[in-house]
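Novice: Listed here are the chains, written in short residue letters.
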Amino acid sequence: MKTIKIKKSEWAGAMDKARNTYRLAGPVKHQDYHVFRELEAAGIPDLEYGDLRISPKTVVMPQSEPMFTFNLDEHKEDHHVLHEVPFDDTPRAVVGIRPYDARAIQILKKNFDTDDYQDPYFLRRYNCCTFIGLADTDPSPTNFSLSCGTGPFDETDLDMLLVDTGDDYIGKVLTDKGEAFAAAAGFKETDAAEADATIAEMKTKAEAQITTGVEYDNIAAMDELTLHQAPFWEEIAFACINCGTCTFACPTCWCFDIQDEVEGKHGIRMRNWDTCMSEVYSRHASGHDPRGKPFQRTRNRFMHKLKYFLDKYNDGIMCVGCGRCISQCPVNIDIRTVCKTMNDYQPEN
Amino acid sequence: MNQYTERIREIAKTLLREGRVDVVIGFRKASLPYMAEPVAITREAEADQLIFDCNCRMNLANYVTERTDNIGIVAKGCDSRNLVNHIIENKIARDQLYVIGVPCTGMADKNMLLENAEGGITEITETDGQVTIKSEGEEKQVAKADILQANCRTCIRRNPVIYDELAGDEVAELELTDRFADVDEIDAMPPEEKSTFFDNLFAACTRCYACRNACPLCYCPTCFVDESRPQWVGKSVDPVDVKTYHFLRAFHDAGRCTDCGACEAACPMDIKMRYLTRKTIKTCVDRYGWEVGMNLEDRPPLDTYSPEDPDEFIR
Amino acid sequence: MTLPNPYQPYPVRIDNIKTETEDRLLKTFTFVFLNPDDEDKFNYQAGQFAELSIPGQGEIPIGIASSPTEKGFVKFTVFRTGKVTSFLHSMEAGDIMGIRGPLGNCYPWETLQGKNILIIGGGFAFTTLRSSIKMMLDPVNRDRFGNIDVVYGARNPGLLLYLDELKEWETRDDINMHITVDGTDDPDWPYHTGFVPKITEDVAPEADKDTYAIICGPPVMIKFTLPVLENLGYSHDNIIMSLENRMKCGVGMCGRCNIGKELVCKDGPVFTLAELNETPREY
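In order, the protein sequences belong to chains A, B and C.
Each step along the first sequence adds one to the number in the working numbering, with nothing skipped, and position 148 is 148.
Each step along the second sequence adds one to the number in the working numbering, with nothing skipped, and position 121 is 121.
Each step along the third sequence adds one to the number in the working numbering, with nothing skipped, and position 65 is 65.
Just to be clear, a hint being listed does not mean it is correct.
Straight-line alpha carbon distances no greater than 25 Å define the calculated BS3-like cross-link-like pairs of lysine-lysine that follow [what the hints assert, rightly or not]:
no. : chain 1 : residue 1 : chain 2 : residue 2
1   : A       : Lys109    : C       : Lys261
2   : A       : Lys205    : B       : Lys134
3   : B       : Lys272    : A       : Lys29
Here are the simulated distance ranges between beta carbons [claimed, not checked]:
no. : chain 1 : residue 1 : chain 2 : residue 2 : range
4   : B       : Glu192    : A       : Gly292    : 42 to 48 Å
5   : B       : Thr244    : A       : Gly292    : 23 to 29 Å
6   : B       : Asp303    : C       : Leu163    : 48 to 54 Å
7   : B       : Asp303    : C       : Asp164    : 54 to 60 Å
8   : A       : Gly292    : B       : Ala45     : 52 to 58 Å
9   : C       : Asp164    : A       : Thr226    : 48 to 54 Å
By construction, these hints were calculated from the structure, which means they are not laboratory data.
C-beta atoms are modelled at their ideal positions from N, C-alpha and C, and glycine is treated no differently.
Start from the sequences and build out the full structure, keeping to the hints where you can.
Specialist: Following this line, the structure appears as structure tokens:
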């Protein structure tokens with residue numbers, strides 16, 4: 001697999017070329033920060049970003065996605081029958097995704113692609129994606145991806161890894177799909193040995209910048225019920241206002257709600273991101289609510305991310321250390337602190 | 001503001017030691033230097049966790065709604081007005097509260113703090129109206145007045161309206177010249193421009209409800225967005241549904257909002273939704289001469305009927 | 001490449017609606033598949049549930065009341081309680097809607113082969129128990145099971161589900177029916193009067209390794225029946241329960257029905273008490 005280089009001054013042109021083959025998704029500036037989304041007609045992925053508040057999760061799982069359409073007019077044929085919403089499966093290039101956000105998409109896939117059921121909405125998007133990663137050369141103080149099985153330069157779940165070297169991006173082509181994108185964008189090959197050396201040096205520097213992390217060996221060893229019944233949850237959750245900030249910022253959170261919306265005789269069934277923090281998340285129609293107290297919902301979220309997922313899939317925690325929840329939480333609920341409290345817990349026998 | 005921290009700790013220790021309250025609700029140091037975490041302490045030994053500084057952006061009145069215990073509560077000017085409103089609306093009783101009043105010189109805008117540091121912020125301190133922002137290898141001093149949170153720039157009441165004890169000397173109130181300049185600017189827009197303004201304002205909203213949940217006024221057992229019979233508003237990020245949510249919430253808060261800024265401080269997408277509530281505040285000032293939460297005697301005009309009400313809107 | 005879509009319901013027509021209880025809150029809906037092939041695909045076992053799907057309203061997870069031995073239709077008994085169930089109750093025979101499923105696990109029929117079965121039901125939780133009884137009593141299946149004892153109770157006779165069938169089963173000698181009501185002013189009431197836990201205590205067989213209890217009912221009934229079973233010697237591995245929880249997708253993806261790491265829609269709704277003892281009580 002080769003190594004490529006593209007001058008930043010030629011980036012827009014390269015993306016225009018790539019657009020002949022791919023629909024592009026990437027970071028876009030909004031006010032003073034960036035969000036990741038599918039780009040309109042002539043949009044260029046903006047790789048000069050630091051604060052990406054909405055993660056690339058939106059490409060494989062948009063916040064609001066129509067699933068079916070239906071008509072309720074009994075004079076029409078096929079009334080009350082659900083019709084799948086058609087999907088444009090043109091290849092998508094997810095450009096500028098951080099390595100840990102790419103790892104997050106693999107975590108999402110564990111939920112949506114199982115032996116028993118496959119979610120077609122997630123998979124039809126995922127299957128047409130090529131992941132062109134962007135190394136995080138300046139990880140934020142809230143980034144702890146190294147202790148989450150990934151990292152700012154991790155190549156594992158990418159088709160290409162781009163690295164910002166100042167005037168250029170150099171890129172390691174990692175798979176055939178990455179190769180195809182390089183060709184479509186007209187990236188030029190560059191000397192591999194020199195590029196590798198630069199990347200290795202920048203990787204070491206970036207990784208050294210991450211001085212914060214989590215440990216979960218004791219969480220793994222402990223019994224689920226013991227952790228659930230630990231006495232610290234109400235204190236941890238006191239400040240929590242049970243909004244959806246952390247769940248929507250999180251690239252690994254996958255909960256969704258299904259809603260029908262009707263206008264006249266025509267309707268759609270859609271799914272929307274949902275948050276386990278919401279009062280109605282678990283509330284039965286009878287009014288019975290197994291997680292009626294706010295701290296029970298806060299506890300459920302952390303137990304899911306740091307224990308239930310860990311036990312169920314045996315592949316680390318359901319967190320990639322991106323740090324978005326920490327920097328966006330209005331009341332400073334810090335998952336690193338919660339993880340430490342859980343991991344340090346010594347139940348009195 | 002260090003004097004406040006010391007005094008709050010002393011008061012909290014006394015209250016807990018003497019059993020005059022079951023809990024003291026205040027702020028503690030956060031894991032991020034530009035934030036503060038609301039905390040509830042129940043033992044004297046925990047009182048040294050309490051702090052007060054320019055990062056205490058949340059409104060602690062949000063945490064007392066329908067509690068049944070005796071509560072010591074740290075309250076800046078706006079928070080104290082919300083406590084008054086809570087008492088009037090029967091969400092808490094006056095005699096349950098021991099209000100530790102904090103004469104407040106304003107909160108620092110989180111984004112402006114971050115803009116003033118190249119790398120990550122490591123420490124924020126404040127002395128005499130100057131805020132020192134330390135980051136990796138750099139230290140910058142800015143005047144707090146230059147990085148004040150938007151709502152603090154038009155604050156009408158820095159000193160607590162009710163309190164059992166003050167944690168510091170009262171401060172001079174601001175002399176405001178054009179308090180509603182921001183609202184007037186939008187009011188002056190022609191309809192199409194105004195409509196586009198609000199479309200853009202809410203374009204990034206993700207329906208996370210951080211604004212609603214940070215707001216002490218939003219305590220409905222079931223919020224209108226969660227009702228299903230009938231369903232008033234859709235739950236997606238459809239722009240019409242997003243605006244419906246924000247506009248309706250502003251109307252529900254009309255005549256009750258103290259402009260504490262917790263909503264904007266909480267919003268992860270930096271949406272300036274206070275334009276809506278500030279419009280309602282201006283309307284209440286202009287029409288009814290009403291400022292909410294200034295004393296325990298006056299009921300808000302929107303829940304009182306008087307035969308003398310002008311009612312020109314239905315003439 | 002089209003992927004199979006687990007969110008796509010089979011279109012069905014409401015063939016019949018029967019009001020089961022005198023308070024009119026429970027109705028049994030008989031559905032017929034619009035496409036006959038779909039009935040074969042909807043290959044279910046007693047204990048499973050399905051999402052009843054009403055375009056424009058939403059979906060509800062309801063236990064399947066019909067038995068797999070009953071052909072040509074499927075039956076669900078639905079309690080009117082919220083937005084979608086109320087709308088369903090207002091629908092008429094001939095209306096079109098959808099069914100997704102079968103979903104969830106079933107009662108552990110493999111394990112139950114050759115065993116004695118004690119079924120305990122209360123109120124409107126009896127639906128999947130009807131499915132189970134009808135399946136077991138079918139001549140094809142009956143001799144695969146040992147003794148069958150049933151205790152089923154409701155507040156009064158007007159609130160019992162499937163009363164005609166209960167009466168018919170009561171006359172059979174291959175099943176021991178114990179129908180009970182909490183109270184009645186009918187002097188000719190031929191069956192038991194008393195709460196389900198008490199009747200269970202009176203009539204249930206002692207436990208042995210070959211006897212399993214399947215229990216479905218409101219939390220208060222379960223709370224007082226479990227100690228009775230424990231006194232009779234039933235181990236927690238031999239007590240089988242079926243849970244309810246708020247659901248949306250029904251296929252283990254939307255996340256909300258979790259109890260600990262188990263998803264009630266996919267790892268359940270059937271669990272043994274031993275399994276439930278290991279999970280947080282969030283249901």
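Novice: Using the C-beta atoms of B:Asp303 and C:Asp164, is the stated range 54 to 60 Å upheld?
Specialist: 56 Å, holds
Novice: Does the Cβ-Cβ separation between B:Asp303 and C:Leu163 fall within 48 to 54 Å?
Specialist: The hint (48 to 54 Å, Cβ to Cβ) holds, given that B:Asp303 and C:Leu163 are roughly 53 Å apart.
Novice: Go ahead and decide if the range 52 to 58 Å is satisfied by the Cβ distance of A:Gly292 to B:Ala45.
Specialist: Given about 31 Å between the Cβ atoms, the range is violated.
Novice: Holds or violated: are the alpha carbons of B:Lys272 and A:Lys29 at most 25 Å from each other?
Specialist: 17 Å, holds
Novice: Quick check on a hinted range of 23 to 29 Å for B:Thr244 and A:Gly292, using CB atoms only.
Specialist: 27 Å, holds
Novice: Does B:Lys134 sit within 25 Å of A:Lys205, going by the straight-line distance between their CA atoms?
Specialist: 22 Å, holds
Novice: Mind checking the alpha carbons of A:Lys109 and C:Lys261 for me, to see if they're no more than 25 Å apart?
Specialist: Status holds; Cα separation ~17 Å.
Novice: For the hint 48 to 54 Å, verify it against the beta carbon of C:Asp164 and that of A:Thr226.
Specialist: With Cβ atoms ~50 Å apart, the hint holds.
Novice: Starting from the hint 42 to 48 Å, judge whether the C-beta atoms of B:Glu192 and A:Gly292 obey it.
Specialist: 46 Å, holds
The structure fails to meet hint 8 from the earlier list, while all remaining hints are met.
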